[in-house]
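Quick note on numbering: the sequence shown equals residues 1 to 727 in my numbering.
Treat the hints as calculated values from the structure; they're not laboratory data.
Hints may be right or wrong, so weigh each one.
[What the hints assert, rightly or not] Computed Cβ-Cβ distance ranges for the label pairs, DEER-style:
(1) Glu81 to Val11: 22 to 32 Å
(2) Lys581 to Lys683: 52 to 62 Å
(3) Glu198 to His68: 54 to 64 Å
(4) Glu157 to Val304: 54 to 64 Å
(5) Gln15 to Lys581: 48 to 58 Å
(6) Tyr542 to Met681: 30 to 40 Å
[What the hints assert, rightly or not] Straight line, CA to CA, 30 Å or less: simulated DSSO-like cross-link-like pairs of lysine-lysine:
(7) Lys200 to Lys31
(8) Lys526 to Lys623
(9) Lys365 to Lys331
(10) Lys144 to Lys13
(11) Lys526 to Lys551
(12) Lys365 to Lys261
(13) Lys623 to Lys409
(14) Lys675 to Lys334
(15) Lys182 to Lys38
(16) Lys153 to Lys135
(17) Lys24 to Lys85
A virtual CB, placed ideally from N, CA and C, is assigned to each residue, including glycine.
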Amino acid sequence: MTARGSVMKVVKKDQSLEDFNPEKISIAVNKAAMRCDKTVDDASCKKIVDAILRRIKERDQVTVAELHELVIAVLSVTGFEDVAKAYAEYRYYKTNYAKTFEKLRQDADDVLRLGDRENANFDSSLVSTKGSLIKGYLTKSLYKQFYLSAKEKELIERGDIYIHDLRDMILGCVNCCLFDIKTVLQGGFEMSNVQYTEPKTVLSALQVIGDITLVATAQQFGGFTLAELDKVLLPYAHKTWDKAYGDATQELGLNEDVARKFADKILLRELEQGFQSLELKLNTVPCSRGDFAFTTISFGQWDVNLPEEDKRLMALINTVMLRVRRNGHGKDHKPVVFPKLVYLYDKNQVHGDLHSAGLFDEAVKTSSTCMYPDYLSISSEHGTVSRLFREEGVITSPMGCRAYLSPWKDPETGKYVTIGRCNIGAVSLNIPLMIKVAMTEHPLDWREKFWDLLDDRLQVIRDFLKKRYDVIRNQRCSSNPLAFTQGGFYKGTKDPDDRVGDLVDYMTASFGITALDDATYLWTGKRMIEDNSAFAVQVLRYLQQKLNEFKSEDHYLYAIYGTPAESLCATQARQYDDYCKEMGLVNEFENSEHYSTEYFTNSFHLNVTEDISPFEKQDHEFKCFHLCEGGHIQYVRLTNPENFEADKAIIERGMEMGFYQGVNFDAAYCNSCGKHSTNVMFKCPHCGSDNLSVISRVCGYLGYSNVNGQSRMNDGKMAEIKRRVSM
1 MTARGSVMKV VKKDQSLEDF NPEKISIAVN KAAMRCDKTV DDASCKKIVD
51 AILRRIKERD QVTVAELHEL VIAVLSVTGF EDVAKAYAEY RYYKTNYAKT
101 FEKLRQDADD VLRLGDRENA NFDSSLVSTK GSLIKGYLTK SLYKQFYLSA
151 KEKELIERGD IYIHDLRDMI LGCVNCCLFD IKTVLQGGFE MSNVQYTEPK
201 TVLSALQVIG DITLVATAQQ FGGFTLAELD KVLLPYAHKT WDKAYGDATQ
251 ELGLNEDVAR KFADKILLRE LEQGFQSLEL KLNTVPCSRG DFAFTTISFG
301 QWDVNLPEED KRLMALINTV MLRVRRNGHG KDHKPVVFPK LVYLYDKNQV
351 HGDLHSAGLF DEAVKTSSTC MYPDYLSISS EHGTVSRLFR EEGVITSPMG
401 CRAYLSPWKD PETGKYVTIG RCNIGAVSLN IPLMIKVAMT EHPLDWREKF
451 WDLLDDRLQV IRDFLKKRYD VIRNQRCSSN PLAFTQGGFY KGTKDPDDRV
501 GDLVDYMTAS FGITALDDAT YLWTGKRMIE DNSAFAVQVL RYLQQKLNEF
551 KSEDHYLYAI YGTPAESLCA TQARQYDDYC KEMGLVNEFE NSEHYSTEYF
601 TNSFHLNVTE DISPFEKQDH EFKCFHLCEG GHIQYVRLTN PENFEADKAI
651 IERGMEMGFY QGVNFDAAYC NSCGKHSTNV MFKCPHCGSD NLSVISRVCG
701 YLGYSNVNGQ SRMNDGKMAE IKRRVSM
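Construct the entire structure; sequences and hints are all you get.
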């Protein structure tokens with residue numbers, strides 16, 4: 001109120017008038033406080049508002065600009081300097097926008113002229129992908145400017161932490177998932193306002209699954225797993241076979257034996273066409289996000305007591321899928337990288353069922369030419385995945401290249417649930433940089449101070465992930481209708497206008513860890529293999545203890561994630577080098593036989609230059625693998641993948657050790673002569689051409705390291721690939 005009793009007016013930027021509302025000042029102050037990790041209690045907030053009112057009480061009007069300056073001034077003199085600074089940063093957004101948009105213009109120009117190689121799933125030569133990348137630069141910039149706290153911004157700029165998929169955070173979507181395709185298909189569903197009926201054949205099922213995958217993956221930003229797909233396809237395979245058999249006996253008048261062969265032939269053809277169609281979709285049609293849908297199919301597990309016909313059809317479904325992958329596409333059988341295939345290995349099943357034994361051999365044969373499938377041990381004596389399968393019969397398939405859900409039991413049913421759950425994102429630590437900061441700031445007791453520094457960074461990540469949970473909790477289900485309204489996620493049959501709500505209770509959040517080998521070198525002067533992973537294990541056990549504390553206090557499913565670090569391997573190495581240069585320090589990784597300033601080592605893995613056997617690599621990575629249960633994979637390099645028995649022995653040994661096991665080599669296809677070769681990168685051994693398409697393991701998944709002389713991978717990852725001996 002003014003001195004004359006009338007309501008004071010605020011003159012807005014467009015010169016319109018609005019009644020003065022002191023509550024808006026309180027709201028703005030609290031938002032500014034949140035951005036700088038401060039709290040302004042109600043009493044202090046009232047004092048700030050009262051102080052502002054005293055300064056303008058004699059006036060009839062006040063401009064928005066004047067109010068902003070008053071808020072900043074009062075905050076500064078009442079002990080809230082950090083909040084005043086945060087308020088001012090937002091207040092002067094036009095100036096910031098000018099700088100931001102100049103940077104965005106430069107980034108956009110780079111994409112248009114040079115492309116982008118941050119993510120090997122993006123083909124940045126495509127116009128649609130260029131548009132998506134440019135949009136991503138904008139959303140990333142907006143999120144950093146207006147949604148991150150001052151400390152979060154400071155730490156990601158220096159590199160202590162890395163928030164994955166920052167470009168997607170502003171959208172409030174989830175990360176990886178185990179999509180419940182079975183529930184979506186059963187009884188029909190709605191997609192993009194069109195009603196779909198349930199498929200009546202296995203061919204139509206595979207075609208619809210491809211369509212669903214492209215639409216659903218566009219509403220999230222991580223891996224999309226079609227878990228245990230063979231079990232989903234089994235009833236549709238029966239429908240195809242039964243119809244073909246009925247047509248043969250009733251319409252064609254064939255006898256039973258001939259009719260069975262006819263039905264088998266029809267089913268085989270539908271499976272071949274269906275899997276070919278699915279592969280072509282996932283490798284040639286980017287989803288609306290602009291990247292190729294990072295899809296995983298897990299398969300191969302069934303009860304040995306199933307009816308013989310069910311086991312026969314399950315084996316046939318999977319065998320056809322593997323043969324389609326081996327055959328490639330086109331007249332020269334060019335290989336593809338999607339979907340990622342994961343064989344679910346149960347030793348008792350493989351040894352106790354002829355269909356399973358034959359399928360396992362078929363899988364190993366496929367891995368020896370295509371690198372996929374990878375193999376997940378589900379019945380060993382090691383790890384949570386195996387324990388849950390042995391004790392509860394529940395399978396936890398991987399998401400993306402290596403992410404895993406934390407165990408979760410539905411409190412209403414008392415049963416463990418995996419399919420239909422998801423991850424909300426990951427934030428990774430730069431352990432080498434944190435060690436270097438501790439050395440620099442506390443030279444006398446840096447080893448002790450490192451753990452304090454780690455505690456602080458873990459708390460920052462924790463606070464960020466809690467905000468992520470709150471954002472997703474308040475999203476409307478219409479934001480991802482296939483997941484939240486059509487049954488793609490567990491209990492995801494809500495109304496479009498409903499909030500996601502308590503469904504976040506089953507979502508996992510990941511604390512990522514990278515470069516443990518590089519960190520070990522800084523801490524001990526030894527490589528991880530020389531240290532027998534002692535420091536790495538110490539760090540992981542410390543994280544395990546802290547995350548257990550966080551879980552019990554927050555009631556969220558936090559997990560340790562062995563970060564794959566596709567582009568992050570280069571980003572963190574560059575941030576470390578920048579810090580050394582800024583502080584005038586020596587970079588210990590420069591001019592090193594085993595290390596590089598271009599990249600850091602992936603996750604908990606040994607240095608890629610180690611000249612060791614596959615068995616030795618399995619042994620050395622065993623402890624760390626089983627401490628990173630929120631995200632891990634173990635892979636070995638094959639120098640002679642054509643040796644089937646050797647490949648099989650390596651895989652079976654990995655299964656005994658409870659691994660998620662992959663094999664690695666460079667699979668090359670020459671676009672000039674059409675010949676295939678292995679472990680060549682830049683020149684065809686058959687015709688000498690450099691016009692090659694080379695598929696390599698990026699980190700946990702496959703990507704193109706060479707396409708007609710160009711790579712979709714970043715320079716740091718390519719530098720690492722060139723030095724690989726045991727990876």
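Problem - Hint numbers not upheld by this structure, sorted from lowest to highest - result: Checked against the structure, the hints that fail are numbers 2, 7, 11, 15, while the rest are satisfied.
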